[in-house]
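> Full structure from sequences and hints, please.
Those sequence lines, one after another, are chains A and B.
Quick note: the first sequence, position 413, residue 413 per this note's numbering, numbers continuous.
Quick note: the second sequence, position 301, residue 301 per this note's numbering, numbers continuous.
Each hint should be verified, as a subset may be incorrect.
With a cut-off of at most 27 angstroms between alpha-carbon atoms, the simulated DSSO-like pairs for lysine-lysine come out as follows [to be verified]:
(1) A:K33 - B:K309
(2) B:K297 - B:K81
(3) B:K440 - B:K412
(4) B:K52 - A:K52
(5) B:K33 - A:K81
What the hints contain is simulated information worked out from the structure, not anything from laboratory work.
2 protein chains.
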Amino acid sequence: MRLSRYFLPVLKETPREAQIVSHRYMLQAGMIKQASAGIYSWLPLGFKVLRKIENIVHEEQQRVGHLPMLMPTIQSGDLWKQSGRHNSYGPEMLRFQDRHGREMLYGPTNEEMITEIVAAYVNSYRELPLTLYHIQWKFRDEVRPRFGVMRGREFLMKDGYNFDLSKEAALHAYNRHLVSYLRTYERMGLQAIPMRADSGPIGGDYTHEFLVLAETGESEVFYDSEITDLTFGDRDVDVDDYSACQAVMDEFTSRYARTDETHDETLFNEVPESRRRSARGIEVGQIFYFGTEYSEKLGAVVQDETGQKIPLHMGSHGIGVSRLLGAIIEASHDDKGIIWPQGVTPFHCGIVNLKQGDEAADGACESLYSALTALGLEPLYDDRDERAGAKFGTMDMIGLPWRITVGPRGLKNGVVEVTSRRTGESEELPPEEAVAKIAKIYEGKL
Amino acid sequence: MRLSRYFLPVLKETPREAQIVSHRYMLQAGMIKQASAGIYSWLPLGFKVLRKIENIVHEEQQRVGHLPMLMPTIQSGDLWKQSGRHNSYGPEMLRFQDRHGREMLYGPTNEEMITEIVAAYVNSYRELPLTLYHIQWKFRDEVRPRFGVMRGREFLMKDGYNFDLSKEAALHAYNRHLVSYLRTYERMGLQAIPMRADSGPIGGDYTHEFLVLAETGESEVFYDSEITDLTFGDRDVDVDDYSACQAVMDEFTSRYARTDETHDETLFNEVPESRRRSARGIEVGQIFYFGTEYSEKLGAVVQDETGQKIPLHMGSHGIGVSRLLGAIIEASHDDKGIIWPQGVTPFHCGIVNLKQGDEAADGACESLYSALTALGLEPLYDDRDERAGAKFGTMDMIGLPWRITVGPRGLKNGVVEVTSRRTGESEELPPEEAVAKIAKIYEGKL
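What follows is the structure in structure tokens.
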């Protein structure tokens, strides 16, 4: 993309309404614009990152066999009366009437709707196990929306639902979700720690939240420092193997790690003092197993092998897709702006032309642009007639991991400069080698 | 995908509520399920096609330089008061109050919101031309939603907005949209004819609708039969070239083609009688140029080269993404089910194992599955323990363009059968050649 043809309204002033750094930088970098309280438009740069995150979530869900679908945003109130949640769900649920006076609502979650779908079509144990998910906009009418996309009212979420024949099978689905979530977050450059959590209005005994440590996190968390040494990495876990998934669950949840809601001081004190940590965390996902409550109320029953009708064991599992942008920025930035992890960066590298209009510089930038594009990479070429300082400021703020700087002086020596956004280190290389280096980095070979 | 692990609830009975074939087949093929009147859940097969169509729209928009972004579904009523449409828009607009009593609405379109965004950030002629678009769910509270996704209440739409310095530049953007739309629809296997249309509540003098001819279309259309001989094909139009785009516009709109709303009997009678046609059509898109109305009301003004402040010339351009599934099925089906055009098919081919459990048949199917997958193709393998008739019935209903049938008898002769869904013609080929044939078809070489 050439910046002269892009829509990237980088702000010079610091937005006053932003209390935390991710909110401030998303506004300054021209990623989002507030439409109403807690409701945002995603400008091209923000949308590009949102879509990358969404795609990682899709890929990792499908890798473990979960099936993508899409439920609507608007639901019937009647459905929620069947589950009993129409009254119990608080004023965060946006309720209204359609033109015929029917009670409707903007879905904050989809347990009722997905259970009704499975109840309608699944009749036999042979059609199980089944995990369906969707990535859809939700609405929660927060009293005081704040922190930008971190606590917005309209937000994008992946919510998935498993349907199983037994508690044992449903707990395997629970473990399988943990396995896929660990990989999902790591691909985004995040360490998200599973912590025992409170089940809230969804209900159920088994639930873990995934928290990213960050000073601005809304939850206080307590954990054994050994947990931060764990990485999932590139393991090839057989997700149909109950014990393989259980082993991952055990490895990642056997050490103490809880949010303030479930914190137990006595248990925490059993952790050696040198390893006890308290910090703040941002919730980026949650998994639940809640048994047969919804399937009984909404009639999701199947015949088992003996012909008996039994209600399905269910769980629901969420990833806060739009909120992840905020969490990633909270975890990865400096005082100049965002530093995108390579897995989610909107463009693979920036190209800064120090002297727009100079024949050699323009030509070298065009060649770099073509060469990178031909390799399937997406560069953002700052081809504006602007001072070098303004161009560097934009690149630093929007946080592309790599920048290639092109100027007449370097070109006379046959080199351009490749700079890491994270370390600030630069290296002079011939243009072809600069391209080869960027390509290798994204192939994971550097 | 293996059917034993998929969620494909193909219905045996004909759904009584469906009045048109696309609605009936989408229900029968397990693509959608009604959630409330005019509101649908997209089951995995339906979602897969929806996503393919969405991706084609994204690719073709970006090919001509339009920038993707995403505006929220919920809008503030205040914004619509500024444009004057809060009162004038009918009861199809879903209005409600949030918990603080603020007037909100579920966006049926986004002229106000996008104009406010551009007004906030764009100040100079140097930042133009600019065309922003998004693909987002809309809500129109139809009195009598019907015809499935063809006239639903919650529907997915691409809506794009151009901002230009002059009427001439904005009419070029109008023409550029026509160019990109022609290519978009053809990639989906559709012939969509641009017809002079009525501008309705959006306003403006210049507008064309794109209509797909189908017996079940909601509009009566009148056209010169020569128009159906036109194809856009694989032309490489320079979309920055005003006259190149104007030439395409002239070619595709100079012959008589109007909907009943704008039909002019006198003009129509000037078409030679043998070429006069009347038929029914499904609207799948519309383009508008409407000048400076919104930019004046919402303050989208820039400084031109002389320092003068001038309001921007705008247009808006829509493609009915979810409705396109219905339109494609209306245009491409037979009495056994859907026939997907190759550009939008959910799976590239089906594999039917005539004797599940037979060692040779199972092995051959697995090899075909691996070979196709290794080539980047997505087969759907019917590995269920079902009769051949049921498997054929499912494949015919869901409409994959190609089927490979594998049975012990054929395998003894070293062959499998490759069948075209559209023609019904079959060919016996060794498995490797069957794979090569399917691959060549999707490379566009057969």
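> Holds or violated: B:K52 and A:K52, Cα atoms, limit 27 angstroms.
Distance of about 17 angstroms is within 27 angstroms: holds.
> Holds or violated: are the alpha carbons of A:K33 and B:K309 at most 27 angstroms from each other?
holds, 24 angstroms
> B:K440 and B:K412 were given as a pair; does the straight-line alpha-carbon distance stay at or below 27 angstroms?
holds, 26 angstroms
> Below or equal to 27 angstroms on CA atoms is what counts here, so check B:K297 against B:K81.
This hinted pair holds, its Cα atoms lying about 10 angstroms apart.
> Given the hint that B:K33 pairs with A:K81, does the C-alpha gap stay at or below 27 angstroms?
It holds: about 20 angstroms lies between the C-alpha atoms, which stays within 27 angstroms.
Hint violations for this structure: none, all hints satisfied.
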